[in-house]
Amino acid sequence: MHNFDFVKPASVADAVAALAAEGAQALSGGMTLLPTMKQRLAAPEVLVSLTGIAELRGVSGRAGASVTIGGATTHATVAAEAKAFYPALAALAGQIGDPAVRNRGTIGGSLANNDPSACYPSAALASGATITTNQRDIAAEDYFQGMFATALGEGEIITAVTFPIPEKAAYIKFAQPASRFALVGVFVAKYADGVRVAVTGASNDGVFRWAEGEAALSGNFNGSALEGLSVPSDGMIADLHGTAAYRAHLVKVLTKRAVAAAM
Amino acid sequence: MPKDGGIGASTKRREDIRFLTGKGRYTDDINLRGQAYAHFVRSEVAHGRIKGIDFAAAEAMEGVVKVFTAADFAGVGGIPCGWQITDKHGKVMLEPKHPVLADGKVRHVGDPICVVVADTYEQARDAAEMIEIDIEELPAVLDMKAAIEPGGTLVHEEIGSNLCFDWGFVEENKAAVDEAFAKAAHVTTLELVNNRLVANPMEPRVAVADFESHSDQYTLYTTSQNPHVIRLLMGAFVLGIPEHKLRVVAPDVGGGFGSKIYHYAEEAFVTFAAKVVKRPVKWTSSRSEAFLSDAQGRDHVTKIELALDAENNFTAIRTDTYANMGAYLSTFAPAIPTWLHGTLMAGNYKTPLIYVNVKAVFTNTIPVDAYRGAGRPEATFQLERLVDKAARELGVDPVALRRQNFITEFPYQTPVAVVYDTGNYHATMDKLLEISDHAGFEARRMESAARGKLRGFGIAHYIEACGIAPSNLVGQLGARAGLYESATVRVNATGSISVYTGSHSHGQGHETSFAQVVAEMIGIDAAQIDIVHGDTSNTPMGMGTYGSRSLAVGGSAIVKATNKIINKAKKIASHLLEAAEGDIELKDGKFTVAGTDKSVDWVGVTLAAYVPHNYPLESLEPGLEETAFYDPSNFTYPSGAYGCEVEVDADTGQVTVLAFSAADDFGNIVNPMIVEGQVQGGLAQGIGQALMENCAYDENGQLLSGSFMDYAMPRATDLPMFNVDHSCVTPCTHNPLGVKGCGEAGAIGSPPAVVNAVIDALIRGGHDVKHIDMPLTPSRVWAAING
Chain C
1 MHNFDFVKPA SVADAVAALA AEGAQALSGG MTLLPTMKQR LAAPEVLVSL
51 TGIAELRGVS GRAGASVTIG GATTHATVAA EAKAFYPALA ALAGQIGDPA
101 VRNRGTIGGS LANNDPSACY PSAALASGAT ITTNQRDIAA EDYFQGMFAT
151 ALGEGEIITA VTFPIPEKAA YIKFAQPASR FALVGVFVAK YADGVRVAVT
201 GASNDGVFRW AEGEAALSGN FNGSALEGLS VPSDGMIADL HGTAAYRAHL
251 VKVLTKRAVA AAM
Chain R
264 MPKDGGIGAS TKRREDIRFL TGKGRYTDDI NLRGQAYAHF VRSEVAHGRI
314 KGIDFAAAEA MEGVVKVFTA ADFAGVGGIP CGWQITDKHG KVMLEPKHPV
364 LADGKVRHVG DPICVVVADT YEQARDAAEM IEIDIEELPA VLDMKAAIEP
414 GGTLVHEEIG SNLCFDWGFV EENKAAVDEA FAKAAHVTTL ELVNNRLVAN
464 PMEPRVAVAD FESHSDQYTL YTTSQNPHVI RLLMGAFVLG IPEHKLRVVA
514 PDVGGGFGSK IYHYAEEAFV TFAAKVVKRP VKWTSSRSEA FLSDAQGRDH
564 VTKIELALDA ENNFTAIRTD TYANMGAYLS TFAPAIPTWL HGTLMAGNYK
614 TPLIYVNVKA VFTNTIPVDA YRGAGRPEAT FQLERLVDKA ARELGVDPVA
664 LRRQNFITEF PYQTPVAVVY DTGNYHATMD KLLEISDHAG FEARRMESAA
714 RGKLRGFGIA HYIEACGIAP SNLVGQLGAR AGLYESATVR VNATGSISVY
764 TGSHSHGQGH ETSFAQVVAE MIGIDAAQID IVHGDTSNTP MGMGTYGSRS
814 LAVGGSAIVK ATNKIINKAK KIASHLLEAA EGDIELKDGK FTVAGTDKSV
864 DWVGVTLAAY VPHNYPLESL EPGLEETAFY DPSNFTYPSG AYGCEVEVDA
914 DTGQVTVLAF SAADDFGNIV NPMIVEGQVQ GGLAQGIGQA LMENCAYDEN
964 GQLLSGSFMD YAMPRATDLP MFNVDHSCVT PCTHNPLGVK GCGEAGAIGS
1014 PPAVVNAVID ALIRGGHDVK HIDMPLTPSR VWAAING
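Read top to bottom, the protein sequences are chains C and R. For the first sequence, the working numbering assigns the number 1 to the initial residue and increments by one for each residue that follows. For the second sequence, the working numbering assigns the number 264 to the initial residue and increments by one for each residue that follows.
Where hints are given, some of them may not hold.
[Unchecked claim] For lysine to aspartate or glutamate, the following DMTMM-like pairs were computed, each having C-alpha atoms within a straight-line distance of at most 20 Å: (1) 38(C) / 552(R); (2) 834(R) / 889(R); (3) 831(R) / 851(R); (4) 38(C) / 385(R); (5) 329(R) / 395(R); (6) 38(C) / 889(R); (7) 38(C) / 412(R); (8) 329(R) / 385(R); (9) 566(R) / 434(R); (10) 38(C) / 475(R); (11) 538(R) / 475(R); (12) 566(R) / 412(R); (13) 831(R) / 783(R); (14) 508(R) / 783(R); (15) 314(R) / 366(R); (16) 38(C) / 466(R); (17) 329(R) / 366(R).
No lab work stands behind these hints: they were computed from the structure.
If we strip away everything but chain C, and leave its shape as in the complex, we get:
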């Protein structure tokens, strides 16, 4: 790791000001950034910690309507405090990494990084969440722009994420055996106006919605509605842990299981 300056502002405004410095980089839980820096693959000159900003932390919501999570809220806090509002989201947070990761990593950090195998992007996309930054509100549909790419601009910080609460939802993660990231993860959410299915881990383009599955499930929210459908393997990730065809197959299997598990 190269040397760097470290600042820990107490307000979003101060953080934005600090990020204007040359070579500055926002740091939330650091679950990806710190290992990258240790490997000397990243060498920011200034790390601007977001974890000291009280307004970025916490879970609030209105039962049956929506839940809003501060950008620097840890997975452990989401797992514990979002449960009353959105059990499937809390369950997803409770399965990320291990206890150490869950007590450091944050929802804003995960969404800003947009790792193609991270869990949160599937929840945000399947829920039609709104990503709020210090500058604007961004619909999840517009936010995710491919592997490690998002709509965030320079100096833009995720301050909160708001999830409309579905009637039923579930997330099923099939873990990559080594990293325990999602080899494929499927988040299914049933709203009054239809069902949304978002898939992480599978595609070279990052998180995506399985439109065909959504259409079938919107008509009949039952795994049997998926019979006969298949997910094309074009564009799926192929690596040591699974072929493209395997990942495509898992999308359907896990969607079925998510529907069965939806609560």
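Chain C is already provided as a structure; the job is to place chain R on it using the hints.
For chain R alone, kept in the frame of chain C given last:
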């Protein structure tokens, strides 16, 4: 038995107190005054020619002491190989030089090219980034079969071939074996891969060295399973330092599994550099570096065939194996696919004719050497998968086919050189079927089926050769060392004892179990006894810890030395008690004149030995200290039956190990708790190999599984509660404790049991799957199910 535990007691491990309270003293805890830090710059390509190294800018950076390249090692020997194989044509193996730093060429990703020594570790790393290395990349040699085709790229041009040796065993049997196949009523054939593994001990390697110019004395602290072997190899063959000027210390070592047996370039480097830069030099491996520089394990590609007669008796076995050596020959690499593999191909079966062919091949990959089991897991996996496949082809019960062919009379001369002294394979099989509730399997399978899951039961029976090894025999087989062990037992005046052993402990619990042996023999409390190891300056010669040899060989040396102590103590007691030596009995730490109540206790004798006022000085030296060397007369042959029960989710290919039972015959047992722990650890590694672990390279020789993000280590949640039994005992006939060794069994017997179980589940579930190569990841199992 001593009240705090002698032989047979599950005494808690005394060393765990310091390990669990953070008081262990590992090599990285050793920091010498004024030490500098070494950072290795390693090859990023698998194969290439070094055209130039520009390190002037790096050497000018703040804190940098010196940048070393191969040029600094011009007068230094290469890393030696400890075993020379003679091939089937009578030709000795090809043995290319293994320079400390890459000289002219790099031959694997991670091959060290130069080293920055600086005041701090970060300065060394900063400077390393300034070094410009010009490499002309060459095609990477990866596929073993293609590598030995004529005209291809050579890993080492100077030896003219990538074929290290072509070993035939037993060559004289080959024609008879072929004839048996020609006459066979049935032949079962299986082609398989034994996947390459990374040992991944919890503690990465570390080396720190010092040179004292006033005494010409070098000291190397290193993470080793055998400090004396390192002293011998590095001192004699690499750096030319005589033993009396080189002290090697392997303090607490956090696991090895074989990977810390070998002499590595980094150890030679820090020892050499400490003299050059005139200050201690330290190197600590990162986990990433461990993936690139620790010797890896397994990596065999095999075709094996079994010939049977019309009554299903095994009549011959024939194998054809390609064994990957990696880019250089690691210390014991040539011995693993040959003498630790070919000699085990009889397994537990009375197959009269066996022929094993092994082609050892150089490739542009990290060197391969022993990893827990070393050759024996490869043999067992082939054989036990093959027998299972044969049973299916013949439509007979795999247990019955095994039983029909079991060796039942001992000693048994196998057709592959070794002689099994003892064993009872029906007993271990009976025990396995009992403890695994084999009879209840069908009901459990139905229960799984009701949940939509496929359940399978797999069996494997293994034999291993441990207690390595008779020196005269291994000398004939190409070992460049003896494989005895030594011990010094030093009794102090007040009766406490320090036992100095050449066996190194790095997780095996020797400090506890060896003390139990001495406590039992003398009849004093184990707390009175300390086991000292790991420092060439205070222990006698040691060949180290590997091949499940510590208790069988090192323990036997301790028994011999302790017997010498007891004999001398009896002489002293006979003097003190004014009785004939032959009438003195030792029991519970007390010497008694047989048939009388005249006695003297242990401390009375030890005190007399060191304060010899009333002592037979004219016939007996004062003091009470004895050394013994023990050289085994044969290998030991632990064996056992393993049973694995799995459930397969056919939709995802996910395998869940529901139960694993192990019925082992380890001979006599000193500490059952430690034995159980050893078996459990071995099972975890074997299940890891079978289902998860895989060291993979891409087509350019880049390591794909270079971190725990891609190399899947088993975790507690991947494993069932183990059902371990070692009540079947046929004591070893040729060592004083009757012990056989238990360290590797779990890793040897479990992979075929797991794979047999998965295949059983798939076949019972209606899927015609003959074999899946390890690791049986969900993706591979799903692909096998879906053709």
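Okay, the hints, checked on the actual structure:
1. Our distance criterion of 20 Å between C-alpha atoms is met by residue 38(C) and residue 552(R), whose separation comes to about 13 Å.
2. Restraint check for residue 834(R) and residue 889(R): the C-alpha separation of about 14 Å stays at or below 20 Å, so the hint holds.
3. The straight-line distance between the Cα atoms of residue 831(R) and residue 851(R) is roughly 17 Å, inside the 20 Å bound, and the hint therefore holds.
4. Among the hinted pairs, residue 38(C) with residue 385(R) is consistent with the structure: their alpha-carbon atoms are about 11 Å apart, no more than 20 Å.
5. For the given pair, residue 329(R) sits about 15 Å from residue 395(R) by alpha-carbon distance, which is consistent with the 20 Å threshold.
6. Taking the CA atoms of residue 38(C) and residue 889(R), the gap is about 52 Å. The hint is violated against a cut of 20 Å.
7. Between residue 38(C) and residue 412(R) the alpha-carbon distance is near 43 Å, which puts this suggested pair outside the 20 Å criterion.
8. Taken as a hint, the residue 329(R) and residue 385(R) pair is honoured in the structure, with Cα atoms around 15 Å apart against an allowance of 20 Å.
9. A hinted pair counts as satisfied when its Cα atoms are at most 20 Å apart, and residue 566(R) with residue 434(R) qualifies at roughly 17 Å.
10. Of the pairs offered as hints, the one joining residue 38(C) and residue 475(R) is violated, with about 35 Å between alpha carbons and a cut-off of 20 Å exceeded.
11. Distance check on the hinted pair: residue 538(R) and residue 475(R) sit about 8 Å apart at the alpha-carbon level, within 20 Å; holds.
12. Between residue 566(R) and residue 412(R) the alpha-carbon distance is near 18 Å, which keeps this suggested pair within the 20 Å criterion.
13. For the proposed pair residue 831(R) and residue 783(R), the alpha carbon gap of about 17 Å is at most 20 Å, so the pair holds.
14. Among the hinted pairs, residue 508(R) with residue 783(R) is inconsistent with the structure: their alpha-carbon atoms are about 38 Å apart, more than 20 Å.
15. Pair hint residue 314(R) plus residue 366(R) holds up; C-alpha atoms about 11 Å apart against a cutoff of 20 Å.
16. The straight-line distance between the Cα atoms of residue 38(C) and residue 466(R) is roughly 19 Å, inside the 20 Å bound, and the hint therefore holds.
17. Under the criterion of a C-alpha separation no larger than 20 Å, the hint pairing residue 329(R) with residue 366(R) is consistent with the structure, at around 18 Å.
Going down the numbered hints, you'll see the structure goes against 6, 7, 10, 14, while the others check out.
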